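K.L.:
From first to last, the protein sequence lines stand for chains D and A.
Per numbering that gives the first Met the number 0, residue 0 is the first one in the first sequence, and the count goes up by one each step.
Per numbering that gives the first Met the number 0, residue 0 is the first one in the second sequence, and the count goes up by one each step.
Hints are computed from structural coordinates only; laboratory data are not their basis.
Quick caveat, the model's predicted, so the values are computed rather than measured.
There may be inaccurate statements among the hints.
[Claimed, not checked] Here are the computed lysine to any residue pairs in the SDA-like style, where the Cα-Cα straight-line distance is at most 25 Å:
1) D/K96 / A/K210
2) D/K96 / A/R363
3) A/K7 / A/T117
4) A/K210 / D/P79
5) A/K200 / D/L19
6) A/K175 / D/N121
7) A/K175 / D/A48
8) A/K200 / A/K226
9) A/K226 / D/C117
10) A/K210 / D/T124
11) D/K96 / A/H167
12) D/K96 / A/D217
For reference, the chains in residue letters:
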Amino acid sequence: MERLAPVFLLVDDDLDDTFLFEEMLQQVSPTVTFQNAINGKEALDKLRAADTQLPDVIFLDLNMPRMDGRQCLSELKNDPALQHIPVVIYTTSAHPKDISQTMQNGAACFITKPTDTCELHNILTMIAQHVHGDLKGALAHIYCYDPDS
Amino acid sequence: MILIVDDKQENLYSLKALLRLHLYDADTANSGEEALKKILKNEYELIILDVQMPGMDGYEVAETLTGHSRSRDIPILFLSAVNIDKRFITKGYASGGVDYITKPFDPDILLLKVKTFTRLYRQTKELNEIRETLEQKVEQRTAALVEANKALEASNGELQQYAYIASHDLQEPLRKITTFSRLVSDRFLAGIPQAAVYMSKVMAASERMRKLINDVLDYSKLSDTPKFVPCSLDQALQDALTDLELFIREKQAQINTAPLPTVEGIPDRLRQMFQNLISNALKFSRKDTPPVLNIRGERVAGKSLSAPVQEQGDYCRIYIEDNGIGFNEIYLNKIFVMFQRLHGKDEYEGNGIGLSIVKKIIQRHNGLITAESKEGAGTVFIVLLPLKQPVINQPAELP
């Protein structure tokens, strides 16, 4: 059976970051399908819609209106239909409390948004390469990425 | 008013007449029981009490009165014609009397005693009233202070929260500036050196601002409730040196350290204190001479920067000595103030926060800091830290 094109979902209220993310993703792999939602609520609604193709990986910002990433993460991990999808925390925070809490709540890795697009490019390349392989293992290898440290 | 208690009517009359004659207001009671009733109702400044009475005798009355707060302070003067033996007199004092007069008595002496005891009573009463007022005032003030303290804690917490949010929100647009500048630079400016220079200036400025915001954020975090633990100053110093490794190598600095004691403190803050002091010394080094830093400490006797050395002293004095450009000591107060700089930004880098953080950390640790310097002759920073921190009731941690 032919493999479906990978689907990346970005949940982020920041439109600049969304724009950059999509552009980098297209550069990394033009076949990847990009989905986005601007808060946790919208993401869950989209994921739970009947006809949706579930993403291979979810990038989740933490600070968003309506439903933030922390709450969205626990909803995802408590939903039997969604809990298998690896969640990458993708945020500006590098607060130790945010890192430890989200990792405990089942996030696959924690990435602090890099200001250098090359770094984003590298991360997305790595994830795209492993999307049909051992993605969780690859993400666990990144574990916690902070460009400042 | 004076209360005379006697079961014999004639005694009451004569004594009342005597007191009236000398302008004392007097009331009478025929028995111990009646006396107690009257004392409950009226206010007396002296009780002249017969000892032997049918029913309740004088001793019993006195004992009852001294057992009640309302009547405890009223002086009791025993007056007896019958019980003049020493043991009766002793018993009178023991039961709460202030004096014991036997009959026949000298009216002049009695009057003098009445005068003395009523005056004493009035003074005692006044004192009690003042004491009560004072106690009330102290209570009110204490309550007001507790309230003010709570409000202060709350506003301090709010301020920290505010600083944190402000810093975080300030970082956001800055991150975009950096990201997109870098993108433009990488993609479009390869062949246009002049534009690349301009863009690199934008990025350098953004980086400086990012550091500045981080420093302000650090400073605001210093207001957290301290949690003191035993903390090796040697370790804090080593950690600081590790963090500064690149800078030290770049400056070709030589750093000599001598063993330092362990103090009660916040390890990460003490590391930051050393780091800021050392990086300050490296920044303000002479252009022609590689920096040499000497860091050493000694135990001293008291909380004073000039306290005498004492092997088992409760304080530790640390010297951070450099061979840098120094400064004029008239600016000593300026160097610890936030955003104060003694040099132009083009001469020496820095944002004027480092030493203000050092000062705040040391204050947090109930310590002192000063510096001795001469222009061109290097600087010695002198830090005094207590080995033990006072035990405080730490408020419950905010959620």
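K.L.:
Would you mind marking each hint as holding or not holding in the structure?
P.N.:
Each hint, compared with the structure:
1. D/K96 / A/K210: Answer holds: D/K96 to A/K210 is near 21 Å, not above 25 Å.
2. D/K96 / A/R363: Since the Cα atoms of D/K96 and A/R363 sit roughly 24 Å apart, the hinted pair holds (cutoff 25 Å).
3. A/K7 / A/T117: 24 Å, holds
4. A/K210 / D/P79: Distance ~44 Å between A/K210 and D/P79 Cα, so the pair is violated.
5. A/K200 / D/L19: The hint holds at about 23 Å.
6. A/K175 / D/N121: Satisfied, since the Cα-Cα distance of roughly 19 Å is no more than 25 Å.
7. A/K175 / D/A48: 33 Å, violated
8. A/K200 / A/K226: 42 Å, violated
9. A/K226 / D/C117: The hint is violated at about 41 Å.
10. A/K210 / D/T124: With Cα atoms ~30 Å apart, A/K210 and D/T124 exceed 25 Å; violated.
11. D/K96 / A/H167: At roughly 15 Å apart (the allowed maximum being 25 Å), A/H167 and D/K96 satisfy the hint.
12. D/K96 / A/D217: 16 Å, holds
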